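The primary structure of each chain is shown beneath.
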Amino acid sequence: MTAIHSTVDPAGRAHARPAGPRPPSGGDGGRAGTDSAAAARAARNRRKWLEIVGFSAPATIVYAMFVLVPMAFAFYYSLFRWRGVGAPTDFRWFNNYKLAFEDPVFVDALTNNAIIVVGSLLIQGPLALGIALLLNRRFFGRSVFRALVFVPYVLAEVTVGIMWGLILVKGGELDTVLQSAGLGSWIRPWLADQDLVIWTLLGILTWKYLGFAIILFLAGLSNVPEELSEAAAIDGASWWQIQRHVTIPLLGPTIRIWMFLSIIGSLQVFDVIWVVSAASMRSLGASATMATYMVDNGFFARLWGYGNAIAMILFIISFTAGLLFQRFVLRRDIEGALTGRGRRAVKLRGGK
Amino acid sequence: MAAVLSVRGGARFGARRQRRFSWGSPLTYVLAMAVAAVSVAPVAYVVLGGFRTTGQIAADPAGLPDPWVWETYGRVLSGSQFWSQTFNSLLIAAGTTTGVVALGVCAAFVLARYSFRGREALYTFFTLGLLFPASAATLPLYLLLKDLDLINSFWGVILPQIAFQLPVTVVILRPFLMAIPGELEDASLIDGTTRPGFFWRIVLPLARPALVTVGVLAFVASWNSYLLPMLVLGRANLATLPLGVQNFSGQYTADTAGILAFTSLAMLPALLFFTLAERQIVGGLQGAVKG
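These protein sequence lines are chains H and B, in that order.
Anchor point for the first sequence: position 83 equals 83 in this note's numbering, and the numbering is continuous, going up by one each time.
With positions in the second sequence counted from 1, the corresponding number in this note's numbering is that position plus 1000.
Honestly, the hints are just simulated from the structure, not real lab data.
Among the hints, erroneous ones may be present.
Claimed, not checked - So the derived label-pair ranges between C-beta atoms look like this:
#, chain 1, residue 1, chain 2, residue 2, range
1, H, Leu324, B, Ser1025, 34 to 44 angstroms
2, B, Pro1026, H, Glu227, 27 to 37 angstroms
3, B, Asp1191, H, Leu50, 14 to 24 angstroms
Values in this document were obtained by computation on a predicted structure and should not be read as measured data.
C-beta: ideal position from N, C-alpha, C; glycine also.
Using the sequences and the hints given, assemble the complete structure.
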């Protein structure tokens, strides 16, 4: 309660404060150097910092407290063999990390995460781009189709999981549909086959998150100036040529931001995997991801030291992947967002 | 209607209006319909399945309700479980949304409209949060919440959710607030208001579309969240809808129709909410993905 209300306060108080005349901030005209001018400047400066701290402190504190502090603790706990009772005392250096990489199930989980990262990029990217280009054309009923395509993204992961669990169950809806379409030989134990389950899950994740990529791409597409495609059309370019040489290059920044979000999301995927796949599949490593492995071992098996080590590994992998991506791929986009100069550069480069 | 008229009239009076509202090629429709069908068919299966008996579903998993059975939905809706879980979800989502918007816009305001040493560092500090996998933090977060005595408390879900939603909120809001013309600020300062006054009277009203966008994103994220509530809200009467759906399907495995009805009722609110706000969200994201 207090955390939320303290943020409203600064603004509210400022509102109630007698609004004294105040010279525009641009006019730093106190060059006369008199004492009173210096004092006024100091007071103004003090007040500015008060405002800065007042506005940003609540967010900074909540963010630091619940995002950064737990990760610091995770590192500390990860160095102990600790079952969560009392304070950790059995200090083991990096033994938990070593144990993790020696466990074949964890290695399987890492592999599964890699499959999901690469699979999401390769399948969702082109598919979403195609659908976004399609839904960016003007045609009657377009907004209805747009809304329908977003439906899977809006659904809760748990709902999606239970839904697909029922559809894919042996003799369920999918099997029946395949059977009646004469494709009975395609029927597989979708969720019960150790080698197949991760690909089934990848399919479900694609279905679920495709809408998010489409939303982003459509938002990016609406920023592409129409004059460019009109000019290209006048020059005799076909619809496909316009997309290929004008629109898609201009969509570059949006695509790269989506890739970034998709990679981070794929590395920490938990909900859908947890709900759809059976515990036995996870414990065999067939469907485990780093996050499900962490919860299975840390929370449910009460291996808190070990679980926190997994949390650190997951954190370090995501953080490194994200930083590298930002450093080498997103850099020019972020510069563009901050300075407005880089954006023009991207446009010129993309326009070639 | 107007569309049809304008297409006919356009042929005569120039191409401009015709292009604005065309019927599109048949291929466009076929593709769009295929995509929409794949998106919606599983959902339709769940919603329709709620109108069938478990016996009907077992006999023909892909069939239509015959006859339509309303009792299953009635049974879920008349139970107290569904309503208390909806209430819990609503409370947590509302708290999270309020907190995210209030804290986020204040921080974004400072980052957008003040120049001070350390501003970019503070912005980087927030954007760093985009790299923090929420699920990795959940386990250590649980231990922290236990020390703070926030286990089995809604605050134990709301506060971390606010914290994890803040980075993306700041990233979306900052460019939006930066785009508010400096002349407006100068004018209001000359008129005698302070900068907090400018924030309250000019920035907040102008930023409303962006605030709605980040608010909707926070609401949907909270409404759908599963892992954190699963660990924090162990007591059955505190369960949120996603936990309730999962518990229900675990408890009554044989009651397929019941699971389908419960699941479709649980997804209805977010679906309605998002459909209504869809244009708003795409509009608000445009500023953020401009690059």
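Hints, verified against the model:
The hinted range of 34 to 44 angstroms is satisfied by Leu324(H) and Ser1025(B), whose Cβ atoms lie roughly 43 angstroms apart. Pro1026(B) and Glu227(H) have their C-beta atoms about 28 angstroms apart, which keeps the hinted 27 to 37 angstroms range intact. At roughly 22 angstroms, the beta-carbon separation of Asp1191(B) and Leu50(H) lies within the given 14 to 24 angstroms, and the hint holds.
Checked against the numbered hints given earlier, this structure breaks none of them.
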